[in-house]
Structure formats: structure tokens, C-alpha cells
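**Q** Chains as they are written, first to last, in our numbering: chain A, 1 to 170; chain B, 1 to 239.
For the record, the hints were derived by calculation from the structure and aren't laboratory data. Ideal Cβ placement from N, Cα and C applies to all residues, glycine included. There may be inaccurate statements among the hints.
As the list claims (entries may be wrong) - Computed spacing ranges between beta-carbons, pair by pair:
id, chain 1, residue 1, chain 2, residue 2, range
1, B, 202, A, 147, 26 to 32 Å
2, B, 57, A, 48, 33 to 39 Å
3, B, 216, A, 47, 31 to 37 Å
What the hints assert, rightly or not - Partner residues are not named here, just some residues of chain B that face chain A (Cβ under 7 Å, in silico):
id, residue
4, 11
5, 12
6, 17
7, 150
8, 167
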Amino acid sequence: MASDDFHRLALEHLDALYNFAMYLTRNPPEADDLVQETYLRAFRFSHRFQPGTHLRAWLFQILRNTFLTFYRLRERESALAEDGVPTWDTPMFHDAPEESSGAVEAHTDLERALRRLPEEFRTVLLLAEVEGMPLEDVARVLACPVGTVKSRIFRAKERLRGFLRDYAKE
Amino acid sequence: MSNLPPDSDDALGARLRAELPRHAAPAHVRAAVASGTAAPRSRPAWIAPIVAASATALALVLALYLPLLPRVVPADPTERLLRSVVAEHTRALMWGARHPEVIPTALPWLTQESGIGLRKVFVGDDQLVFVGAEPVYLEGHRGMALHYRDGDGHLLSYIVLPVAGLPVPDRRRVSIERGASRWRPALMHDSGFSAWVWRQADGQLACFLVSDMVSEADVERFKDYFVRVRVSTDPVPAN
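Bound-form chain A, shown alone (with noise of 0.2 Å):
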């Protein structure tokens, strides 16, 4: 694919990147900082993207692991469930810190609950339910089975659902 192709296919899906930064984020700079990031590394190495595979997926795995790549934390010994994700409500990842300057407020319950919610579930959300990316896209931006990806939706659902009901008694 010539380079400017690539270029042009890459920025449609720009929106989409900087709305799912956004919520991984939920800073407005670090977001701009994580778009970009993820678009120097998408063009530096776009020989190894595959003409005919799917792009989107691609721009948002390349987002998803550069957020990963400076959130993660340096130390986890945390003990994981079977499909990966642990079993009690603290955040595997080291989210961004809620009170940093810029940080944008949550205005609803439903935005409130999202962010209580471990990356990998409100990533599987977002992906699936908020962009409409098909299950196997999905699967490839978190590099898991499809039918982890079904469980991962399916478990942070119900703990959405938790959330909302707290809420909705206070």
C-alpha cells in the first residue's frame, strides 16, 4: 500500500482513536499525547501492516498497547481469574489518576460506572458496544480468544450493572 494511502486510511479512523484515548485517559492532553504516539508508531511501522486485514483493529491495538505500555504497573503479582482479569473491582492497570489537573468529570452514572471499571472491561465495552467493532476485531486489539473477549463483555456488564444500582440508591 503506497504510504499515502495508508496515510489517508489511518486518519479516517482518527475520531474513533481519540474518543477511545479519551476514556483510557480521560485527560485531554495525555489523550492528544496517546493519538499521536499511536500514529508516529502506526506509520513507522506501517510495512508491517497487511493490505486486506483490518486497519481499524490495527490503529486501535497499536493505541491500546502504547496506553498499556506506560500504565501498566512496574509490579503485578496480582492473582488472575481464568480469563485473565482479576476477580475484585480494583484495576489491574494503574489508571490515569482521577484528581490530575485537566482531568475531564464524569457528568453521568453511566460515565461514573465505565470508570470504575478495570481497562480490559471497559476496554471490551467501549470496542464492542461504543464503536461497533465485531467481536474478532475486538479479540485481535486485546490479543485473546473471541470467547474470552465474550466473557469479558458479558462480566463487565453485570458489574456495570452493580455500579448503576448503587448509584440509582444514593
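We have chain A; now place chain B onto it with these hints.
**A** Relative to chain A, chain B alone:
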């Protein structure tokens, strides 16, 4: 009106799609990405472990103001390549090493991605701490960057590119001797950074060691760093 049970999976999915605000990319991000030269504007606090204040300040000034200046692409191939190498160094300074795998764990991956093998590699000592290694793509060449930091917070980037026969300007060569060994790399400057430039692997590889050590007092130490890296690193084309 939907007929979905309000607590169902489908209803929750519909709520996510309908109620979550979408964030469109700001114009400045769109412009930066479209130009293909996007660079992080700042080093976010959540990444930064510790960067020496002086190095950060210098990088910020360079990153903010250099793009505003008119850029002239050097006609000389060495200077042109050096400019790209310095840009990569600046990016590493701003953004940090992106693949902090510790050599030799990352060696097979690095070789596969960069096309450059390392028969031996400098992994740091009491003066220089290894920060990270990553593949790079500069001026159409795949290559490898290794980053180190000294005790004063200076970041050093050792970058190897498969550019056979890169001209090393004689008038900028500096003689460096250590014991029975002697080297004559060129000391070059670009955008406020200094760089040692030399050839290795029978001239098949172009090597750069970049830092912000530009003062007279720094040059001697920069020479010492060159020796440490040069003696202990042996890159070869991987194929």
C-alpha cells in the same frame, strides 16, 4: 421507544452507545497527525519516572520552539541523517524509552525489528544506566536505538542505521585514545545537541551517539561515554 428490558445486556449496550459523549479529535491533534510529524507536546507526569530538570527544560524549549523556526533540510547526507537522529533523540527525551525491555531479553525482538544484530552490547556501568532499547525508522532506514542516562540526568542515544559508507567529515574528526585503542569519530552538532558519528562493521553501519552535552566541559565526559559505548558494542547487519 425500545422494547428491551431496561436491565438487559442489549439495553445496556444501547445506553452506552446513546449516552456516552463522543470526543472528537481537536484541530491541533488532527493537524499534527495529518502532517505526519506529530510529537508529544509534553512529557506527561504519569509516564515520567525522573528526568533531570535541566534536560527536561532543554527538551521542552527545543520541542516548543524549534518547530516554529524555518527548517532547511541539509544537502549533506550525513547532516541530514544526523538531523533525523537528533529528532529521534529528542523524542526519546520527551516521551521516554518506549520499550524498556532489558537486554538481552529484548535482543531477538530488537534484531528482528531493526535488521541489526548485536554481537555484544553495552548494558551500562557505574557511569551510565541503560534506559531502554527500541527499533527506529529514520530517513527510510530501519535501525536500532539504545538509550542511557548518566548520573547528571543527561540522556544519551546510541543509534545504529544500515547506511553503508556514510561520509564522516574529516574536518570534524576527533582523535580519542584509550590505552592501545584509538578512534576518530566526528563530533557534529545539530539543534543544540552534540553527536559522535562513526562507521562500524566494515563501513556497513552508521553509528551515532547523541546527547545534550555541548559545553567545552562536557566534551571530555562525552568522549569518555563514547569510549564506553564503542568498546562494548558490536553491531552487525542481521542478514
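**Q** Against which earlier hints does the structure fall short, listed by number upward?
**A** 1, 3, 4, 7 and 8
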